[in-house]
Amino acid sequence: METMRERVVFWYGCNAVRHGDIIHSAIELLRAVGIDSDPAGGPAYCCGTSKDGNLAAAAGMAARTVEKFNAAGRDTVVTWCPSCHRHAGTFMTGVNTAKFGVSHITEILHTRRHLLVPLLTHRLDRRVVLHKHSGFHEVDAYPLIADLLRLIPGLELVVTDYSAPGHMCSAVSAVPAALKDVVRRSAELCRAHDSDTLVTAFHSCQRLLCGLATTDGIKVVNYVNLLVEAMGMKPPADEYAEWKNAGSEAAIREKIGEERIAKIGAEFFAQQVLPELRKLPEK
Amino acid sequence: MESETEQLIAYVERNIERTLADCTTCGKCFDACPMTEYSAALNGKTGPEVVAGIRSLLAGDGGTPAALEWTRVCTQSARCIPACPENVNPMLMMRLSRITALGSTGGPALLPDGKRDPNFFRRINAFSALQFSDAELAAWQR
Ligand code: SF4
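One line per chain: the protein sequences are A and B, in this order.
Residue numbering for the first sequence is 0 to 282, as defined by numbering that gives the first Met the number 0.
Residue numbering for the second sequence is 0 to 141, as defined by numbering that gives the first Met the number 0.
What you were told as hints is all true, and nothing was included just to trick you.
Covered stretches of chain A, as calculated for chain B (at least 3 residues, CB under 8 Å): (1) 42-53; (2) 268-279.
Below, in silico cross-link-like pairs of lysine to any residue (SDA-like), each with a Cα-Cα straight-line distance of 25 Å or less: (3) A:K67 - B:A138; (4) A:K67 - B:S2; (5) A:K282 - A:V157; (6) A:K262 - B:F119.
Everything labelled a hint here was simulated from the structure, so no lab data went into it.
Source: prediction; values computed, not measured.
Ideal Cβ placement from N, Cα and C applies to all residues, glycine included.
Whole structure, please, built from the sequences with the hints as guidance.
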């Protein structure tokens, strides 16, 4: 089947920047299915969804980001983050005129999965459990991700009936008792299915659950990294998970290195970055 | 010409009007919500009662403590959407309720804004600097 190469904006959002590995693997997968991307993200491309308490800021961010995407001149903006995707389909384009369509990366990869099939040559002989949420109603992403993962030779995918509330773990974190339940249930599911690997769909689940390696001996991995690994490539290191599971402040500092710490400022690192990296999932 | 902010507020108000017109206060969205079990204050409350409070909040009449509490614990599970017989999109209704309760449409702030963190974007920039090359930052994040 002939599929044209295309060029799109790949909009990875704000909080996904904690996971450079996910973003690099996603770009690699888009390339593998014939899509070259102009990646865009970080605060300069914020959708404004977190600014419900300040609509002037939300409006400014949305207008600026739509304007930048219009100027980029691509027909399609491919989203990663479910919050950005939701906001783009409602508040952003309900007010600003977009000269582009919006598709979620799971839809793109799934539609073009025939191009992935011949590339997924590397066996991954392991049993993994898919971590799911119920809230991303705009795109039924989990069946799409499950279909993609089932293309990986050797991989045994467990899809259970359990879906956590929210559209990803960060939404649940506003209610700490609920997040504890999500953590506990996720660990229980891995144990019940005799699996040591939980697969996440989104960055904030990766962020909030990757510490299960330390607390429960469960490896948490994003689906894009599994697909890249099955393509026979070494997936980029999940440095965020390595830092979170480093075990001590000294070990985190050593892994990141003084040069990178200096780049963001030692004081800011100590006050704003280190506490997040030291926090493990609670049940 | 309306400013960006005025346009966004008008968009919010249009959606509030539509929600108030379509919602029959049946309470099925509340019954479907997986988050109510995390709030003692919502224990024993009925759907019609709590949704009536949400409608009062959206109408600018201040809502009820239970409506504010439901708004606080909403995590956008989306379980309410298929539960609604009127095709209202209760998840959007709850977002509009949050926007209103935060005082963003001109009324008093009735809920604290947990997302007002002065270091939110600074942390994102810091993690970007830890994870991306200078060339990637210049091409992807400016
Ligand atoms: S289910 Fe729909 S109609 Fe019923 S109270 Fe909720 S939003 Fe209103």
